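Colleague: Chain by chain, the residues run as shown.
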Amino acid sequence: MTDAAIAPLLLSTPRPKAVTTEQPLVRYALIGVAIIFLVVFLFLPLASVFVEALRAGLGTYFASITEPDAVSAITLTLLIAAIAVPANVIFGLAASWAIAKFDFSGKSLLNSLIDLPFSVSPVISGLIYVLLFGAQGYFGPYLKSENIQIIFALPGMVLATIFVTFPFVARELVPLMQEQGTQDEEAALSLGASGWKTFFKVTLPNIRWALLYGVVLCNARAMGEFGAVSVVSGHIRGRTNTMPLHVEILYNEYNFAAAFAVASLLALLALITLVIKITLEWRYVDQIAASRRH
Amino acid sequence: MDARVTNEVNSAAGGTWPLSWATRWETPMQVTIENVVRTFGVTPALHGVSLDIGSGELVALLGPSGSGKTTLLRILAGLDVPTSGRVLFDGEDALKLTVQQRNVGLVFQSYALFRHMTVLENIGFGLRVRPRSRRPSRKEIKRRALELLDLVQLSGLEKRFPAQLSGGQRQRVAFARALAIEPRVLLLDEPFGALDAKVRRELRRWLLEIHNKTGHTTVFVTHDQEEALELADRVVVLNHGRIEQVGTPDEVYDQPNSPFVFSFIGESSVLPVRLEEGRVWLDSRPLDLPQGNLPSGPAQLFLRPHDVEIVVDPERALWGTISTHRRHEGARRVELSVGAKNSRVEIEIPADLRLELAREIAFLPRRYRLYPASAQG
Chain E
0 MTDAAIAPLL LSTPRPKAVT TEQPLVRYAL IGVAIIFLVV FLFLPLASVF VEALRAGLGT
60 YFASITEPDA VSAITLTLLI AAIAVPANVI FGLAASWAIA KFDFSGKSLL NSLIDLPFSV
120 SPVISGLIYV LLFGAQGYFG PYLKSENIQI IFALPGMVLA TIFVTFPFVA RELVPLMQEQ
180 GTQDEEAALS LGASGWKTFF KVTLPNIRWA LLYGVVLCNA RAMGEFGAVS VVSGHIRGRT
240 NTMPLHVEIL YNEYNFAAAF AVASLLALLA LITLVIKITL EWRYVDQIAA SRRH
Chain B
0 MDARVTNEVN SAAGGTWPLS WATRWETPMQ VTIENVVRTF GVTPALHGVS LDIGSGELVA
60 LLGPSGSGKT TLLRILAGLD VPTSGRVLFD GEDALKLTVQ QRNVGLVFQS YALFRHMTVL
120 ENIGFGLRVR PRSRRPSRKE IKRRALELLD LVQLSGLEKR FPAQLSGGQR QRVAFARALA
180 IEPRVLLLDE PFGALDAKVR RELRRWLLEI HNKTGHTTVF VTHDQEEALE LADRVVVLNH
240 GRIEQVGTPD EVYDQPNSPF VFSFIGESSV LPVRLEEGRV WLDSRPLDLP QGNLPSGPAQ
300 LFLRPHDVEI VVDPERALWG TISTHRRHEG ARRVELSVGA KNSRVEIEIP ADLRLELARE
360 IAFLPRRYRL YPASAQG
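Residue numbers (numbering that gives the first Met the number 0), protein chains in the order written: chain E, 0 to 293; chain B, 0 to 376.
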């Protein structure tokens, strides 16, 4: 068709309109509802955490986060995350490798079991460990005789955290590894690479961004976990309090400035996590399975 | 895209070949497959396949999907193990060797290039992962990789990543990577399957050149009969986990030994006929075709569209009513309905033959095969 031939057509239809689009009013209403919702339920609370934290002044703020109990809570939180996250990276890699690259009976069962912590209430997750390792638990007497303390101590809190954060890495890796298949590995093996070399030089680089993404999510949850850890911690000040538990105690004691000061650290962590998450999603969109699933 | 394709043609025609290390093997490996059976659960994928692959031979494993051709290739590579049977590399039991020890060059349909490595790093991978005692120096690895890049006519692209290459270029890198380990045998799994028709034809020619230069014993899997006939010294036709026929391209095309091979390789039409009194009968008419040495009784007549000749006298010839006709390259394809059973037969006639007034055409096959009616195609 020449330009002359289509010109009348263009004139007769004033403006091409997308077929699927809504009326302007409907569009603005939908956008408005979404924005109001975000402001009221997400932005305001987050902002109020920082406002409340700084209400009594910077001096009180720094005093609240540097007093011994707060420091102990921060250290403990970092320590738990430092153990739970690597543990779940190893577990996540092993499970996704097994699910994505091998065929075995019970594979779909394993695949659904990974999601179990998502569907179990965190309080129940904590309670499981009390039932197993507590003084009245199955292994209680034995542990007591061997003088091993699990519940109301670091091991119990690490276990509870691992349980709760257990799906994050595996959930990121399984779909990606399934999609990538095994041919890269087969090629590497046929070129003479050993199993370990294949893993470190081929498999790991293929999944590195998805792995980092999973680690970031896993870490955020590990540091912010309240329910499961609360059950097994025993709330011993300066010894078994993590940051979320410390915030709760301070709040219950009407020490709002200190509570919000520690809470602001957790909120900051959430913001950093969000930035890393968005950066990863934006830069490596094709290598992160999650961004396609959600 | 068009510019790139033309480029590939030009370089394929005028490339120069470095032969410093990628020279011909003095004695390429012989592969012997003895009675190999592979079952997955209860489903047999290969029922006792035996095959000898000669030194330096280019062999095609041809068959429809599910014929077991890829399973056989994976067994040769060591990525799969046979349920029973033996595989010998130069008389040595290959099943005792791991994938790594077999030293085979493997090329996949999906290229399987390492996406986080540059072209040069991909090619050098097999040398870099060798144990220290057998690993060439960094400089030597780079030199060899660059040489191979030149062999596959991709010089200048060494710093690219796989995602920055066209499909044809990726497959050439995969070839170079496989050749870098100086493999004893090259195993290609549908190497051109993911490429478009034009690039595929060019790479076929290119593969033949590489094969002639390096002389590797090469086994490739394909479902494309044209590819198999054009490339291979010998074609192995597989169906349902069994070898139907092994032969040169001429043998499998001109003397297919079963209805399956006849209909799988090349185009064909089938007519139900009877063999009696030394002739071929269609319905109750004797044809001008001898019975051959087959026993009397019902049979199937296989013929190829281009192997027919139009005859003037319909007496003792096949004839049919024209149902459709269409242009097919330099000729015209006519679909006829033949005989009392209205069997559909396709024949090829010169494009300039006028068909406007004709309703029926009489013809005789120049070449054909008869199979007893019990044989399944």
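Hint data in this document are derived by calculation from the structure and do not stem from the laboratory.
Worth double-checking, as some hints may not be accurate.
Only pairs whose alpha carbons sit at most 25 Å apart, straight line, appear in this in silico DSS-like list of lysine-lysine [as the list claims (entries may be wrong)]: (1) B/K212 / B/K197; (2) B/K138 / E/K196; (3) E/K200 / E/K100; (4) B/K141 / E/K200; (5) E/K106 / B/K158; (6) E/K100 / B/K141; (7) E/K100 / E/K196; (8) E/K200 / B/K138; (9) B/K197 / E/K196; (10) B/K158 / B/K138; (11) B/K141 / B/K158; (12) B/K197 / E/K200; (13) E/K196 / B/K212; (14) B/K141 / B/K197.
Being a predicted model, the structure only gives us computed values, none of them experimental.
Colleague: So, for every hint listed, does it hold in this structure?
Modeller: Taking the hints in turn, this is what the structure says about them:
Restraint check for B/K212 and B/K197: satisfied, since their Cα atoms lie roughly 23 Å apart, inside the 25 Å limit. Proximity of B/K138 to E/K196 is assessed by CA-CA distance (about 21 Å); at most 25 Å being required, the pair is judged to hold. Distance restraint check for E/K200 and E/K100: the Cα-Cα separation of roughly 17 Å lies within the 25 Å cut-off, and the hinted pair is therefore satisfied. Proposed proximity of B/K141 and E/K200 is supported: the alpha carbons are some 18 Å apart, at most 25 Å.
With a CA separation close to 40 Å, the supplied pair E/K106 and B/K158 exceeds the 25 Å bound. Between E/K100 and B/K141 the alpha-carbon distance is near 32 Å, which puts this suggested pair outside the 25 Å criterion. At most 25 Å may separate the alpha-carbon atoms for a hinted pair to count; E/K100 and E/K196 meet this at roughly 16 Å. Between E/K200 and B/K138 the alpha-carbon distance is near 20 Å, which keeps this suggested pair within the 25 Å criterion.
With a CA separation close to 38 Å, the supplied pair B/K197 and E/K196 exceeds the 25 Å bound. Between B/K158 and B/K138, the direct Cα distance comes to roughly 16 Å. Compliance with the 25 Å bound is thereby established for this hinted pair. The straight-line distance between the Cα atoms of B/K141 and B/K158 is roughly 12 Å, inside the 25 Å bound, and the hint therefore holds. A threshold of 25 Å between alpha carbons decides the hint, and for B/K197 with E/K200 the separation of about 35 Å lies outside it, so the pair is violated.
At most 25 Å may separate the alpha-carbon atoms for a hinted pair to count; E/K196 and B/K212 exceed this at roughly 32 Å. Taking the CA atoms of B/K141 and B/K197, the gap is near 32 Å; set against the 25 Å cutoff, the hint is violated.
In the structure shown, a violation is registered for the earlier hints numbered 5, 6, 9, 12, 13 and 14, in ascending order.
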